[in-house]
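Chemist: So the sequence shown is numbered by full-length UniProt numbering: it starts at 1 and just counts up by one.
Bear in mind the hints are in silico, worked out from the structure with no lab data behind them. We put the CB at the ideal spot given by N, CA and C, even for glycine. Please note that the accuracy of each hint is not assured.
Said to hold, decoys possible - Here are the computed lysine-lysine pairs in the BS3-like style, where the Cα-Cα straight-line distance is at most 30 Å:
(1) Lys248 to Lys319
(2) Lys319 to Lys363
(3) Lys248 to Lys85
Claimed, not checked - What follows is a set of in silico ranges between Cβ atoms, one per label pair, in the way DEER data are often shown:
(4) Thr434 to Ser175: 24 to 30 Å
(5) Val113 to Pro428: 30 to 36 Å
(6) Ser22 to Thr211: 55 to 61 Å
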Amino acid sequence: MAAPHVSGLAALLLAHDSTLTSEEIRQLIRSGADDLGAGGKDPYFGFGRINAGRSLEMDSVKPLAPYILTPGSRTGISGTSYQIKGGVPGNNFSQYRVEVGLGRSPTSWTEVVVSDTQVISGILATIDTTQLAPSNYTIRLIATDTAGKTYQFQVFDVGVNFYEAYISDPVSSISAGFVPVAGTAQTLNGLGFSRYTLDWGLGAAPDSYSTAGVSLANGGTVPVINGSLGTWDTTALVPGQTYSLRLKVYGISGNPAISTNTVVFALPVTPTPVPTATASPTPLPTITPTPTLLPTITPTPTPRTISLRGVSTSTNTSKVRTFTINRPAGVEVGDVMLAQVTVRGATTTVTAPSGWQTIRTDKAGSDLVNSLYYRVASASEPTSYSWTLNRPQLASGGILDYVGADTASPVSANSGRYNKNTQTITAPSVTTSTANSKVVFITAAGTQTSVTPPAGFSPAYSSGVQGNLTSYVADQTVVSVGPIGNQVGTLGIKSNNVGALVVLRPAL
Numbered sequence: 001m002a003a004p005h006v007s008g009l010a011a012l013l014l015a016h017d018s019t020l021t022s023e024e025i026r027q028l029i030r031s032g033a034d035d036l037g038a039g040g041k042d043p044y045f046g047f048g049r050i051n052a053g054r055s056l057e058m059d060s061v062k063p064l065a066p067y068i069l070t071p072g073s074r075t076g077i078s079g080t081s082y083q084i085k086g087g088v089p090g091n092n093f094s095q096y097r098v099e100v101g102l103g104r105s106p107t108s109w110t111e112v113v114v115s116d117t118q119v120i121s122g123i124l125a126t127i128d129t130t131q132l133a134p135s136n137y138t139i140r141l142i143a144t145d146t147a148g149k150t151y152q153f154q155v156f157d158v159g160v161n162f163y164e165a166y167i168s169d170p171v172s173s174i175s176a177g178f179v180p181v182a183g184t185a186q187t188l189n190g191l192g193f194s195r196y197t198l199d200w201g202l203g204a205a206p207d208s209y210s211t212a213g214v215s216l217a218n219g220g221t222v223p224v225i226n227g228s229l230g231t232w233d234t235t236a237l238v239p240g241q242t243y244s245l246r247l248k249v250y251g252i253s254g255n256p257a258i259s260t261n262t263v264v265f266a267l268p269v270t271p272t273p274v275p276t277a278t279a280s281p282t283p284l285p286t287i288t289p290t291p292t293l294l295p296t297i298t299p300t301p302t303p304r305t306i307s308l309r310g311v312s313t314s315t316n317t318s319k320v321r322t323f324t325i326n327r328p329a330g331v332e333v334g335d336v337m338l339a340q341v342t343v344r345g346a347t348t349t350v351t352a353p354s355g356w357q358t359i360r361t362d363k364a365g366s367d368l369v370n371s372l373y374y375r376v377a378s379a380s381e382p383t384s385y386s387w388t389l390n391r392p393q394l395a396s397g398g399i400l401d402y403v404g405a406d407t408a409s410p411v412s413a414n415s416g417r418y419n420k421n422t423q424t425i426t427a428p429s430v431t432t433s434t435a436n437s438k439v440v441f442i443t444a445a446g447t448q449t450s451v452t453p454p455a456g457f458s459p460a461y462s463s464g465v466q467g468n469l470t471s472y473v474a475d476q477t478v479v480s481v482g483p484i485g486n487q488v489g490t491l492g493i494k495s496n497n498v499g500a501l502v503v504l505r506p507a508l
């Protein structure tokens, strides 16, 4: 619709009839187009090739001008029952229908309502959102006039996500005994919480699961946010085998969708000591040694372990030109702070407050800018820090306070990439140069959704603006030195996203 010849046709239609609205002009251009490819709108040809003569002929009778007011494109749906609002103004109305399809270019559509009652401005349909699996959807409104001509309006990337489920601990190996299980199990966006369950199975992809030995906090009837989910008695498990622990979250009765997170463990084998044979000693003559001066050896210092001392998060739920994050509680001199600032709109520029050094900036399509910074705490830190935006925008993010990082050069490596319209968050590999480095996994998404971090990473925070942004951080200590490989996390629903890694060097 932005091509010069399309703009020219719009001007021609407006010159022919100056009373046309912008939506009526759009419908005349679409309805008059020569359909190419598959019937109707398709991902290759859109609505087809414009036909100026046909669009002008149709202007003799004003077209129907369907529109959807809410939800808008790239927004999220909240509540278990959602009203689609809009209208179908115009003459010669016959009927309208509302349909929902999965993804941005659906291959099939589910009919929500068909009505022969014209709605000028009001409620077009009501969706039972509990029947939609967590994902992004396209909603279309099709109006038909008395001559059988159809007119269409669509909104896309409408996010539906009602569950957050992840296991943050344990994340790698387990020991025999009562293992604490921690994480998050809750419902989102107005869906009533019912319960959660934990079960386990043999192997990385079990054929069956068992609840034997599992004890749930509060019987699994109370939501958990970054807390104790229960305990797992592993005394009956076989050492050396791999097991999967699974978390499911259920909404109110009648909701079929279940969020699942699986973590794989290897129960270590305790080695059996091999007895050492003792030989009978043979007497040796006594030799008086000559004194030798020994060299003085300077021991190599062992790198410290970096630990997370505190976290502070913030959101701009309305568009303003500053984004402020409070200083995390307990910051001390020499701590290293990392900041994530996620701002809606890829053309937005972000200016950091004094003392913050830029690590990297990544963009997720046209949806967002994700900027990362660090700062070494001094003796006089302000109570908050404000980033300046070149235009009013929505924003989310946070600050992490680490103790034990090198203050002279805290960041030893970083990486990042854009992942287009997917649930997969891929952060490119980095190389650790020092033992006990802290690797920080950072993601930003163009909608608010849950995040499952890569295996071995512990969640630090999640912040976001409903329907628009998610900012998320998790971390882990890497003992070895060398490349760690791509790290892959998962979003609750598809979205343009950024995956990034930052390596903090420990102090010696």
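Chemist: Are the Cα positions of Lys319 and Lys363 separated by 30 Å at most?
Modeler: holds, 19 Å
Chemist: Checking one constraint from the list: CA of Lys248 to CA of Lys85, max 30 Å. Satisfied?
Modeler: violated, 34 Å
Chemist: Between Ser22 and Thr211, does the C-beta distance stay in 55 to 61 Å?
Modeler: holds, 59 Å
Chemist: Indicate whether the distance between the beta carbons of Thr434 and Ser175 respects the range 24 to 30 Å.
Modeler: holds, 28 Å
Chemist: Does the Cβ pair Val113, Pro428 satisfy 30 to 36 Å?
Modeler: Because 46 Å falls outside the window, the suggested range is violated.
Chemist: If you draw a straight line from the CA of Lys248 to the CA of Lys319, is it 30 Å or shorter?
Modeler: It is violated: about 36 Å lies between the C-alpha atoms, which goes past 30 Å.
Checked against the numbered hints given earlier, this structure breaks hints 1, 3 and 5; the rest are met.
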